[in-house]
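Read top to bottom, the protein sequences are chains X and A. Reading the first sequence from the start, the letters are residues 2 to 498 in our numbering. Reading the second sequence from the start, the letters are residues 2 to 178 in our numbering.
One or more of the hints may lead you astray.
In silico lysine-lysine, DSS-like type, Cα no more than 30 Å apart, as pairs [stated by the list, open to error]:
{"hint": "1", "chain 1": "X", "residue 1": "K493", "chain 2": "X", "residue 2": "K284"}
{"hint": "2", "chain 1": "X", "residue 1": "K379", "chain 2": "A", "residue 2": "K130"}
{"hint": "3", "chain 1": "X", "residue 1": "K497", "chain 2": "X", "residue 2": "K285"}
{"hint": "4", "chain 1": "X", "residue 1": "K379", "chain 2": "A", "residue 2": "K132"}
{"hint": "5", "chain 1": "X", "residue 1": "K285", "chain 2": "X", "residue 2": "K489"}
{"hint": "6", "chain 1": "X", "residue 1": "K492", "chain 2": "X", "residue 2": "K285"}
Between beta-carbon pairs, the in silico distance windows are [stated by the list, open to error]:
{"hint": "7", "chain 1": "X", "residue 1": "P376", "chain 2": "A", "residue 2": "N71", "range": "47 to 57 Å"}
{"hint": "8", "chain 1": "X", "residue 1": "L15", "chain 2": "A", "residue 2": "L87", "range": "48 to 58 Å"}
{"hint": "9", "chain 1": "X", "residue 1": "L15", "chain 2": "A", "residue 2": "V101", "range": "46 to 56 Å"}
{"hint": "10", "chain 1": "X", "residue 1": "D199", "chain 2": "A", "residue 2": "S97", "range": "16 to 26 Å"}
{"hint": "11", "chain 1": "A", "residue 1": "A141", "chain 2": "X", "residue 2": "G248", "range": "36 to 46 Å"}
{"hint": "12", "chain 1": "X", "residue 1": "G483", "chain 2": "A", "residue 2": "G77", "range": "26 to 36 Å"}
{"hint": "13", "chain 1": "A", "residue 1": "S97", "chain 2": "X", "residue 2": "I407", "range": "16 to 26 Å"}
{"hint": "14", "chain 1": "X", "residue 1": "S134", "chain 2": "A", "residue 2": "Q82", "range": "30 to 40 Å"}
{"hint": "15", "chain 1": "X", "residue 1": "L20", "chain 2": "A", "residue 2": "V101", "range": "36 to 46 Å"}
To be clear, the hints were calculated from the coordinates, so they are not data collected in a lab. C-beta atoms are modelled at their ideal positions from N, C-alpha and C, and glycine is treated no differently.
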Amino acid sequence: MDFASFLEGFSNSLTVTNLGFGLLGSLLGTLVGVLPGIGPALAISLLLPVTYGLEPQSAIIMFCAIYYGAMFGGSTTSILLNAPGESGSVMTAIEGNKMARAGKAGAALATAAIGSFVAGAIGTGILAVAAPSIAALGLKMTPPDFFALMILAFVTVSSLMGRSINRGLLSLTIGLVIGMVGIDPNSGAARLSFGSPDAMEGFSTVVVIVSLFAVSEALYIALSGRLESGTLNKLVGSARMTKQEWGRSWKPWLRGTAIGFPTGVLPAGGSELPTFLSYTLEKKLSKNKSEFGNGAIEGVAGPEAANNANAAGALVPLLALGIPTSGTAAVMLAAFDQFRISAGPMLFAEQPLLVWTLIASLFIGNFLLLVINLPLIKMWVQILRVPAPYLFAGILVFAMVGAYSIKNSTFDLLVAVAIGALGMILRRFGYPITPLILGAILGPMAETQFRRSMQLSEGDPGIFISTPFTIITYLLMVVALGWPWINKAIKKSRVKN
Amino acid sequence: MILGKKRSAKGELVFTSFLFLAGVVVLWDASQLPELASADFVGNKTFPSIIGWLLIVLSVLQLISVARGNLGEPEGVEGGQVESKLRLKPFFLMISGLLVFVFGLPIIGFPIAATILFTAVVYALNPAKTKWFIAVPIAAATAAVIYFGFTLGLQIDLPWGFDFDFGPTEVVVEEDW
Numbered sequence: 002m003d004f005a006s007f008l009e010g011f012s013n014s015l016t017v018t019n020l021g022f023g024l025l026g027s028l029l030g031t032l033v034g035v036l037p038g039i040g041p042a043l044a045i046s047l048l049l050p051v052t053y054g055l056e057p058q059s060a061i062i063m064f065c066a067i068y069y070g071a072m073f074g075g076s077t078t079s080i081l082l083n084a085p086g087e088s089g090s091v092m093t094a095i096e097g098n099k100m101a102r103a104g105k106a107g108a109a110l111a112t113a114a115i116g117s118f119v120a121g122a123i124g125t126g127i128l129a130v131a132a133p134s135i136a137a138l139g140l141k142m143t144p145p146d147f148f149a150l151m152i153l154a155f156v157t158v159s160s161l162m163g164r165s166i167n168r169g170l171l172s173l174t175i176g177l178v179i180g181m182v183g184i185d186p187n188s189g190a191a192r193l194s195f196g197s198p199d200a201m202e203g204f205s206t207v208v209v210i211v212s213l214f215a216v217s218e219a220l221y222i223a224l225s226g227r228l229e230s231g232t233l234n235k236l237v238g239s240a241r242m243t244k245q246e247w248g249r250s251w252k253p254w255l256r257g258t259a260i261g262f263p264t265g266v267l268p269a270g271g272s273e274l275p276t277f278l279s280y281t282l283e284k285k286l287s288k289n290k291s292e293f294g295n296g297a298i299e300g301v302a303g304p305e306a307a308n309n310a311n312a313a314g315a316l317v318p319l320l321a322l323g324i325p326t327s328g329t330a331a332v333m334l335a336a337f338d339q340f341r342i343s344a345g346p347m348l349f350a351e352q353p354l355l356v357w358t359l360i361a362s363l364f365i366g367n368f369l370l371l372v373i374n375l376p377l378i379k380m381w382v383q384i385l386r387v388p389a390p391y392l393f394a395g396i397l398v399f400a401m402v403g404a405y406s407i408k409n410s411t412f413d414l415l416v417a418v419a420i421g422a423l424g425m426i427l428r429r430f431g432y433p434i435t436p437l438i439l440g441a442i443l444g445p446m447a448e449t450q451f452r453r454s455m456q457l458s459e460g461d462p463g464i465f466i467s468t469p470f471t472i473i474t475y476l477l478m479v480v481a482l483g484w485p486w487i488n489k490a491i492k493k494s495r496v497k498n
Numbered sequence: 002m003i004l005g006k007k008r009s010a011k012g013e014l015v016f017t018s019f020l021f022l023a024g025v026v027v028l029w030d031a032s033q034l035p036e037l038a039s040a041d042f043v044g045n046k047t048f049p050s051i052i053g054w055l056l057i058v059l060s061v062l063q064l065i066s067v068a069r070g071n072l073g074e075p076e077g078v079e080g081g082q083v084e085s086k087l088r089l090k091p092f093f094l095m096i097s098g099l100l101v102f103v104f105g106l107p108i109i110g111f112p113i114a115a116t117i118l119f120t121a122v123v124y125a126l127n128p129a130k131t132k133w134f135i136a137v138p139i140a141a142a143t144a145a146v147i148y149f150g151f152t153l154g155l156q157i158d159l160p161w162g163f164d165f166d167f168g169p170t171e172v173v174v175e176e177d178w
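Chain A extracted, bound-state conformation (with noise of 0.2 Å):
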């Protein structure tokens, strides 16, 4: 228990740091805004500066907090329970889900990266009870539902994917013709 509280802690550090150099970023890139050519009682940097600042000061303050041991306690779950034990697995497991999603939607098209995502989440919420082929058929069949709805219904485009462009056709001209 203790373990985890220290652990909780060192964690909360990190990202309270994280706050302290996000605000750093905001004032480093307020400082290299151009300034109005015209007349104005605002300058470009003071509204982003006040921001940064804001940031800084907050971070620093719960910096301070958090090491007095005022550590945060993590929000409730709708319709489950909060462990303790981070669960590594599953939560790598739904980010790979998601990342394919991104970088594999232009390229194996929505029906098939959404069929791994709904897996992917299924999977990572229920690893004991999920069976693959109960859980596949329904992905395929809610990521068809959604893509038809949507480029048939609403005419919003979504990719089908494997659509790959080689370039230019080279035309050969023979020249003995």
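Isolated chain X, as found in the complex (with noise of 0.2 Å):
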């Protein structure tokens, strides 16, 4: 780690503007995390127009704090609500809710936002420390190795999302054609236009995940669900814990961060399988089993601190390969390319002060989080008393404004609209969302690496595998591949012995 440059970025980030654009994502990324219906991946695509005037290294540090304060905002209303905020605090709301119902609200809040503050330093740390060693590792690896890279982070996202391997890839399929429309960028040739000279100019990422999230969303609830208010639970008192409650909730809090740390680094495609995995050993480890389904204090600590840890995780080879690893470290990559900086191994040295201002800034933005998370949960609570129709009209309508303004264009509408009842049908077939979001943006990078393998083997395919690191990456990829009948057949042997 560059200790210097870390300080420099340290200073950095306690400028005015950049301390008030932490707060703004802090307070935004809560909201984001507490609101149904919304995600930080959809919050961060919504702000791309509107940050266009902005400083970079500004918005990158709201857009982060974003992504960390809605890790935090997702367990109030799992707690509170029964109704998790985003997919990575479902497990939370297991115990948690059974808590608040046995009136130990404050306390499940308290475990769940002070575990995430655990994690997300832990992960800030290792981050600081990890990533320029890999960007410098990153630096050294060949078009081949991003290939196969990127082709590992296509393969494990698909078939870990969802229940289908097959509904995954096909998922990440029409993301690639998604992502081909338009000229292409090595030959100048119109690919899926149609003549049209506004699909030439091709989708814009923002059109595809708005559209994706927040209209697919309101089709869906609309053709096929219900929303219920649900019974908010009593919040009696601040959020605290007692002696019993701090010595039972430190070690899953340390077990979560490390689950959630490495499922992040790796393309495990977000924070389900982390949560879900750290819930899993609590039950395991846990002395009173009984507790558990009945408000088990390990099951909302373990859990809020795996998402939080698996945030910073993802950050790990976004900013040091370009890689991202689930559907916000996309969108995330993607607002790089909005402001012209390449993630990747580059970042280190071309942009010094902008990724360790970024890291810095983590760190305040994580502690401002525990700050002003704690003693506005009330505040919080008042925000869910807002009937959630419209809630969806307001994110709709925001939605809208968002594809419109980007070209001030009504063809980026229709294509929003179109992409939205795709998107709509997906969901109502159970095929996962963020592959196609994973293949739409990385699928450009791919191909360009693809192209620079062949031009460099003179179209010799064998390159693809004439490295170790493409034959180790190619070989984790099988077994992601056929983990569910590996899984099968361990199972099978195992009732047999």
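Both chains are given apart, each in its own frame, so use the hints to dock them into the complex.
In structure tokens form, the structure reads like this:
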């Protein structure tokens, strides 16, 4: 770790502007975590068009604070309303809501917030140490290595999200097709444009993301869902823990961090998997197994630490290699792209001040989140009283404005409705959305690495398995693809034994 | 219940067939791309053709899987529940709101188009309990806040509407003059 650069970044992150954007991002992140129907990926995409005029540093600090903040805020709705505000808080709802019903909402909220802080701080520390080394390694990587890494991200995210590998891969391929529309930057040929000058410009990332999250979800609920107001559990007193609850929480926080961080670095598709693993581990290790399902504090502490550590972990491959491992990280990559900053190995060499300011801001943002979250919980609860249909209507109008304002074009609005309808059908038939987003954003980059590799080898496809790194990566991919069958075989042999 | 499953299977088969057709279109489009004049080891058609074939192969596998009865499970709804019966009225109401917004924006302007979209979404998501005298003013206020926030605050132009251009004005020159 370059300590001098880190200190410079730290002093830069303490400027009024950067602190202000960090605070704004933390508040917005908590808000999107609390509100149903809007997650960090959608929030960042909605803000992309309105941040064109900002300094890149300030905008990216705000986006990272939103990412962290959403993980903090998601626990509030899970605990008080039994409605996770984002997917990483689903496991928290199981025990957290039971605790709230038993009058222990304060303890559940406190262990979630402090656990998120601990995991965020440890995760950011590891990020600061590991990312520069990985970036240095990235500088030695060849185009086939990068291509292999992207294929690994595609395949693992597709196979781990959702219940069927084929559906995940189909969703990814649809994303790759969407990413292909427009002028091919390598040859200048128009692809899948059918003579339309608007289509030749390609589909904007913001339009694709807002339509897949905001438009498709609203259409899906209108067609086959029913919104419920839910019962809001009372928060008596403040969010505090007793000595015994502290004692039961600290180990799950550390274990959650240990699970969440590496699964963020690896392309595991987001925070669902680590939170599930953390919950299962805590249940296995608990001395009070009977409490699980009835409000065990370990079941809140572990998953909440895991989802925050996961967010920090996802920033490692994003900053060091330019590879997103989750939907939100993919949107962050688009944000870097908007400001003409290439995330990846060169980032630490070309933009050291930006990247170290960002890492320092994560430490500060994490602390701000702890400070503003616990005292403001009652305010977040008030926001939950806004009827959900009005929230969805506001989000949808804002999403359509975001899509329109990029090029002031009604064509983009039509694309948003069409992709929104496609997303609705995908949701209806159980196709995961994240692989599609990854395909649309990372697809063009994968194509560039594919072409570079083929140029290097003068057309010999053998180059794709020419280095030890590529061979290991593809082997890992085969394991990820075959995991359901491997798992079945292991279980069968166990039953036989 | 069985009828619902049959309908869902039909719907999924139709959708997967559409994906198969999309794969064919991608392949056809790739075949129409001009080859590069300069010496290049990767043709223009290579990458799109790989994606086209991938879509075709995966959709065929999916068609077989659906025909065998492996139906997809609908995604859950955040803060609500999924219903097995499709509600077409609210769905078409929301689609209409979106289309009015898309095609009406340049004509009737953002404030009115956004008010219509907002109201349509509120009605579509909660048809039983929505009261127009509450929904419409909230929709209009939200549209106004977004309009002025974008145009004045962020300097991003949104159409006010009713800006009809009737072409160049004809100048009549009287010859007697």
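Cross-check of the supplied hints:
1. Straight-line distance between C-alpha atoms of K493 of chain X and K284 of chain X comes to about 23 Å, which keeps the hinted pair within the 30 Å bound.
2. For the suggested pair K379 of chain X and K130 of chain A, the alpha carbons sit about 27 Å apart, so the restraint of at most 30 Å is met.
3. At roughly 23 Å between alpha-carbon atoms, K497 of chain X and K285 of chain X fall within 30 Å of each other, so this suggested pair holds.
4. With a CA separation close to 29 Å, the supplied pair K379 of chain X and K132 of chain A stays within the 30 Å bound.
5. Of the pairs offered as hints, the one joining K285 of chain X and K489 of chain X holds, with about 21 Å between alpha carbons and a cut-off of 30 Å not exceeded.
6. This hinted pair checks out: K492 of chain X and K285 of chain X have alpha carbons roughly 18 Å apart, not beyond 30 Å.
7. Hint check: P376 of chain X to N71 of chain A, Cβ distance near 50 Å, so the stated range 47 to 57 Å holds.
8. A C-beta distance of roughly 54 Å is found between L15 of chain X and L87 of chain A, which places it inside the suggested range of 48 to 58 Å.
9. Checking the proposed 46 to 56 Å range against L15 of chain X and V101 of chain A shows it holds: the Cβ atoms sit about 48 Å from each other.
10. Evaluation of the 16 to 26 Å hint for D199 of chain X and S97 of chain A yields a pass: the beta carbon distance comes to about 23 Å.
11. Between A141 of chain A and G248 of chain X the C-beta distance comes to about 55 Å, which lies outside the given range of 36 to 46 Å.
12. In this structure the supplied range 26 to 36 Å holds for G483 of chain X paired with G77 of chain A, their Cβ-Cβ distance being about 28 Å.
13. About 24 Å separates the C-beta atoms of S97 of chain A and I407 of chain X, a value consistent with the hinted range of 16 to 26 Å.
14. Range check, S134 of chain X to Q82 of chain A: Cβ separation about 47 Å, and the 30 to 40 Å hint is violated.
15. For L20 of chain X and V101 of chain A, the Cβ-Cβ distance of about 43 Å falls inside the hinted range of 36 to 46 Å, so the restraint holds.
Hints 11 and 14, counting from the list given before, are not met by this structure.
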